[in-house]
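Novice: If you're matching them up, the sequences are chains H and L in order.
According to the UniProt record's numbering, the first sequence holds residues 1 to 399 in order.
According to the UniProt record's numbering, the second sequence holds residues 1 to 399 in order.
Just so you know, these hints were derived from the structure itself, not from any lab.
A hint or two may mislead.
All copies of an identical chain are treated as equivalent in the list; a pair is satisfied when it fits inside any one copy or across any two copies.
[As the list claims (entries may be wrong)] As a list, the in silico SDA-like pairs of lysine to any residue whose alpha-carbon atoms are at most 25 Å apart:
hint, residue 1, residue 2
1, K334, A247
2, K334, F251
3, K334, N52
4, K334, A380
5, K305, E368
6, K334, Q253
Listed below, chain by chain, are the residues.
2 protein chains.
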Amino acid sequence: MDWDAMRSRFHLPEGLIYLDGNSLGPLPAGTSERVRRVIEEEWGDLLIRGWNDGADGAGWMDWSARLGDRIGRLIGAPAGSVSVGDTLSIKVHQALSAALQMRPDRRVILSDEGNFPSDLYMAEGLIASLDRGHELRVVPPDAVADAIDDDVAVVMLTQVDYRTGRMHDMADLTARAHAAGALAVWDLAHSAGAHEVDVTAAGADFAVGCTYKYLNAGPGAPAFIHVRPDLIDAVRPALSGWLGHAAPFAFEQDYRPGEGIARMRVGTPPVLQLAALEAALDIWDEVDMAALRARSLELSERFAKAVAARCPDLTPALPSDVPRGSQVSFRHPKGYAIVQALIARGVIGDFRAPDILRFGLTPLYLGEAEVDAAVEHLAAVLERREWDDPRFRARRGVT
Amino acid sequence: MDWDAMRSRFHLPEGLIYLDGNSLGPLPAGTSERVRRVIEEEWGDLLIRGWNDGADGAGWMDWSARLGDRIGRLIGAPAGSVSVGDTLSIKVHQALSAALQMRPDRRVILSDEGNFPSDLYMAEGLIASLDRGHELRVVPPDAVADAIDDDVAVVMLTQVDYRTGRMHDMADLTARAHAAGALAVWDLAHSAGAHEVDVTAAGADFAVGCTYKYLNAGPGAPAFIHVRPDLIDAVRPALSGWLGHAAPFAFEQDYRPGEGIARMRVGTPPVLQLAALEAALDIWDEVDMAALRARSLELSERFAKAVAARCPDLTPALPSDVPRGSQVSFRHPKGYAIVQALIARGVIGDFRAPDILRFGLTPLYLGEAEVDAAVEHLAAVLERREWDDPRFRARRGVT
Numbered sequence: 001m002d003w004d005a006m007r008s009r010f011h012l013p014e015g016l017i018y019l020d021g022n023s024l025g026p027l028p029a030g031t032s033e034r035v036r037r038v039i040e041e042e043w044g045d046l047l048i049r050g051w052n053d054g055a056d057g058a059g060w061m062d063w064s065a066r067l068g069d070r071i072g073r074l075i076g077a078p079a080g081s082v083s084v085g086d087t088l089s090i091k092v093h094q095a096l097s098a099a100l101q102m103r104p105d106r107r108v109i110l111s112d113e114g115n116f117p118s119d120l121y122m123a124e125g126l127i128a129s130l131d132r133g134h135e136l137r138v139v140p141p142d143a144v145a146d147a148i149d150d151d152v153a154v155v156m157l158t159q160v161d162y163r164t165g166r167m168h169d170m171a172d173l174t175a176r177a178h179a180a181g182a183l184a185v186w187d188l189a190h191s192a193g194a195h196e197v198d199v200t201a202a203g204a205d206f207a208v209g210c211t212y213k214y215l216n217a218g219p220g221a222p223a224f225i226h227v228r229p230d231l232i233d234a235v236r237p238a239l240s241g242w243l244g245h246a247a248p249f250a251f252e253q254d255y256r257p258g259e260g261i262a263r264m265r266v267g268t269p270p271v272l273q274l275a276a277l278e279a280a281l282d283i284w285d286e287v288d289m290a291a292l293r294a295r296s297l298e299l300s301e302r303f304a305k306a307v308a309a310r311c312p313d314l315t316p317a318l319p320s321d322v323p324r325g326s327q328v329s330f331r332h333p334k335g336y337a338i339v340q341a342l343i344a345r346g347v348i349g350d351f352r353a354p355d356i357l358r359f360g361l362t363p364l365y366l367g368e369a370e371v372d373a374a375v376e377h378l379a380a381v382l383e384r385r386e387w388d389d390p391r392f393r394a395r396r397g398v399t
Numbered sequence: 001m002d003w004d005a006m007r008s009r010f011h012l013p014e015g016l017i018y019l020d021g022n023s024l025g026p027l028p029a030g031t032s033e034r035v036r037r038v039i040e041e042e043w044g045d046l047l048i049r050g051w052n053d054g055a056d057g058a059g060w061m062d063w064s065a066r067l068g069d070r071i072g073r074l075i076g077a078p079a080g081s082v083s084v085g086d087t088l089s090i091k092v093h094q095a096l097s098a099a100l101q102m103r104p105d106r107r108v109i110l111s112d113e114g115n116f117p118s119d120l121y122m123a124e125g126l127i128a129s130l131d132r133g134h135e136l137r138v139v140p141p142d143a144v145a146d147a148i149d150d151d152v153a154v155v156m157l158t159q160v161d162y163r164t165g166r167m168h169d170m171a172d173l174t175a176r177a178h179a180a181g182a183l184a185v186w187d188l189a190h191s192a193g194a195h196e197v198d199v200t201a202a203g204a205d206f207a208v209g210c211t212y213k214y215l216n217a218g219p220g221a222p223a224f225i226h227v228r229p230d231l232i233d234a235v236r237p238a239l240s241g242w243l244g245h246a247a248p249f250a251f252e253q254d255y256r257p258g259e260g261i262a263r264m265r266v267g268t269p270p271v272l273q274l275a276a277l278e279a280a281l282d283i284w285d286e287v288d289m290a291a292l293r294a295r296s297l298e299l300s301e302r303f304a305k306a307v308a309a310r311c312p313d314l315t316p317a318l319p320s321d322v323p324r325g326s327q328v329s330f331r332h333p334k335g336y337a338i339v340q341a342l343i344a345r346g347v348i349g350d351f352r353a354p355d356i357l358r359f360g361l362t363p364l365y366l367g368e369a370e371v372d373a374a375v376e377h378l379a380a381v382l383e384r385r386e387w388d389d390p391r392f393r394a395r396r397g398v399t
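Please build the complete structure, drawing on both the sequences and the hints.
Specialist: Pasting the structure below:
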């Protein structure tokens with residue numbers, strides 16, 4: 001992989017070191033023009049006809065499936081098993097509600113403390129709404145394997161912990177879930193575009209994810225859902241919107257689920273966001289995921305090692321032998337202020353309550369120079385106690 | 001109102017007569033530039049900081065509420081009672097699930113045959129998922145008033161029928177629902193931006209709608225939901241996503257609903273679509289809704305009268321004394337092919353199964369000249385039997 005060439009595919013503000021692509025990926029160079037064309041030449045000139053007759057032959061109506069297939073390639077999902085749309089929280093609800101239907105005699109959703117809170121909140125809301133005595137059981141990440149028992153209907157996990165970067169073994173935990181008669185729902189928010197993923201080899205029953213982090217599809221970019229092909233016919237969508245209907249334009253009075261993954265669609269997909277996603281995926285077509293992973297680990301190790309040497313006050317969030325995603329995290333009681341001071345120096349990392357500093361290190365637009373410079377800035381912030389400044393105390397935070 | 005000046009605010013393809021703004025409104029002139037700025041100057045340059053520090057002072061995080069307030073003005077909803085995001089189908093689910101929670105002893109969702117199918121499908125999916133013996137009762141539009149009895153938990157209606165244009169009396173039916181102890185959920189998909197709406201005067205408990213029709217926010221534009229202010233504190237969201245949490249960035253393990261309407265947010269909002277919505281709302285700030293309605297009726301009557309005179313084969317979908325929205329519809333067994341033949345002549349109307357030809361007539365960008373020309377084309381298609389052409393037989397249709 002020619003990483004320098006890859007880097008030229010992104011717009012990166014001059015002088016900024018961006019280690020927060022795991023919150024919001026940067027702007028691919030082709031996005032603005034792609035969205036402009038969809039707005040002016042498709043919406044503007046084709047108007048309603050754009051749904052069926054897009055400028056490139058396929059109308060907007062097909063994009064959820066077409067872009068789903070392109071994401072599928074990055075997560076090991078076969079064509080026709082991924083649909084794009086809505087938000088990740090909605091996709092979590094779809095996966096969970098389908099999984100619970102398939103295990104009507106079981107009452108436990110098992111998750112871990114490293115899961116992203118919205119996944120847990122969606123499970124809570126679903127459980128309260130169903131009112132059938134389900135329980136959300138949340139255990140520490142390393143206790144998940146042993147907590148999978150015969151009461152568990154579904155194991156719902158985010159593969160890579162949004163705070164520490166800790167990576168679960170998807171194949172192993174899925175096999176354990178299946179052995180206990182449970183289903184596995186995997187959230188790939190911090191996996192898709194971060195490293196190699198193979199939902200098929202892992203046997204994942206459902207996988208969901210967002211596209212605004214490593215995939216670089218922009219703020220509020222749509223989510224995706226994968227359903228194991230041999231399960232999809234058994235899914236009776238709880239969010240049974242018209243675009244998931246077998247014949248949306250027959251305007252029948254009763255719902256009939258669409259063929260295959262199409263039933264996971266709900267309402268009208270966000271076309272401008274899909275255009276931005278498409279521009280982002282053009283870059284991914286050229287990425288060798290194994291090379292990406294190797295380079296990501298190289299940069300991560302370089303960063304972790306240098307921080308250990310230069311910033312003794314920062315505690316690694318993970319032991320070095322624990323598998324991790326494409327981020328490196330540390331703990332410090334003044335984490336929030338440190339990140340703010342770092343941002344003031346033009347190095348954008350991220351803070352996650354209560355005390356985590358996290359840094360996304362993706363090879364697409366980062367190299368040794370940025371990694372080394374970031375460490376220098378971090379060391380300076382700590383050595384000079386720059387974080388101890390009233391400007392950096394008030395808390396505001398995002399994504 | 002200076003309607004000619006208003007018209008110049010839209011991009012309309014040369015030579016096209018667009019009577020389908022009730023499917024997808026046309027492109028406002030300022031949209032492309034507004035979206036470009038958000039992509040290049042906010043996403044591109046601010047990156048993750050765009051969530052809190054937008055170029056215009058307010059970050060993306062506030063847009064769901066800010067744009068909700070601007071839509072609120074068009075539907076008579078007070079500030080702080082409307083939230084933007086997701087799709088209309090999801091907003092229907094939110095309103096329905098909340099309403100059912102508030103009437104735990106009742107089992108009927110009452111709707112009508114004129115409701116948009118997705119609303120009925122979402123009710124079906126919710127009922128199946130709850131599995132507590134709820135029933136979706138669907139009656140003819142004019143039978144709704146008498147069907148509201150003590151079993152009804154919620155009356156769910158689309159104010160303006162997407163096929164015929166028939167308009168329900170929102171205040172009257174809401175009063176009847178309340179008198180019977182039921183709640184009212186109103187879908188304003190064909191109302192918002194079409195005529196004056198006052199959800200407050202009507203006492204509507206919940207109102208939902210989309211922004212890609214009369215509001216002109218573009219393909220896949222987000223939906224909105226209004227909850228009556230005195231009810232919102234009792235809403236425990238079933239779709240309890242993190243952005244509806246009281247403190248999304250505290251990353252607490254348990255869900256606590258956000259203050260007021262903020263709890264109706266679910267996941268990360270689609271920022272590019274919100275930018276397009278904002279550009280569309282800039283136009284609406286200048287529209288006098290009473291003048292819009294008067295002009296809409298003027299154009300509609302002119303159209304209906306001329307069609308009656310020139311196209312005797314077309315049957316009006318509604319008696320002339322029935323209140324209607326900003327559209328005029330007819331029935332014809334060859335409706336689909338007629339609409340296709342009309343499109344081939346550069347007049348875009350819409351077909352709705354089984355036999356409805358519908359024409360949206362909004363004064364924002366249509367005047368007497370277009371109305372008269374459309375009638376001439378329609379008469380020619382019928383007189384010359386242009387619809388009887390193999391090109392116009394295959395069915396494909398959208399939105």
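Novice: Can you give me the call for K334 and A247, within, between, both or neither, at a CA distance of at most 25 Å?
Specialist: Between. Shortest inter-copy distance 20 Å satisfies the 25 Å Cα cut-off; intra-copy 56 Å does not.
Novice: At most 25 Å between alpha carbons: which applies to K334 and Q253, within, between, both or neither?
Specialist: Between. Shortest inter-copy distance 22 Å satisfies the 25 Å Cα cut-off; intra-copy 58 Å does not.
Novice: Quick one: K334 to F251, C-alpha cut-off 25 Å, is that within a copy, between copies, both, or neither?
Specialist: between (57 Å within a copy, 17 Å between copies)
Novice: With 25 Å as the alpha-carbon cut-off, assign the pair K334 and A380 to within, between, both or neither.
Specialist: Within one copy, since 15 Å is at most 25 Å while 76 Å is not.
Novice: When no copy is specified for K334 and N52, does a C-alpha distance of 25 Å or less occur within a copy, between copies, both, or neither?
Specialist: Only across copies: K334 and N52 sit 21 Å apart there, 54 Å inside one copy, limit 25 Å.
Novice: Check K305 against E368 for me: Cα-Cα at most 25 Å, and say if that holds within a copy, between copies, both or neither.
Specialist: For K305 and E368, only the intra-copy Cα distance (13 Å) is at most 25 Å; the inter-copy one is 73 Å.
Going down the numbered hints, you'll see the structure goes against none, and every one checks out.
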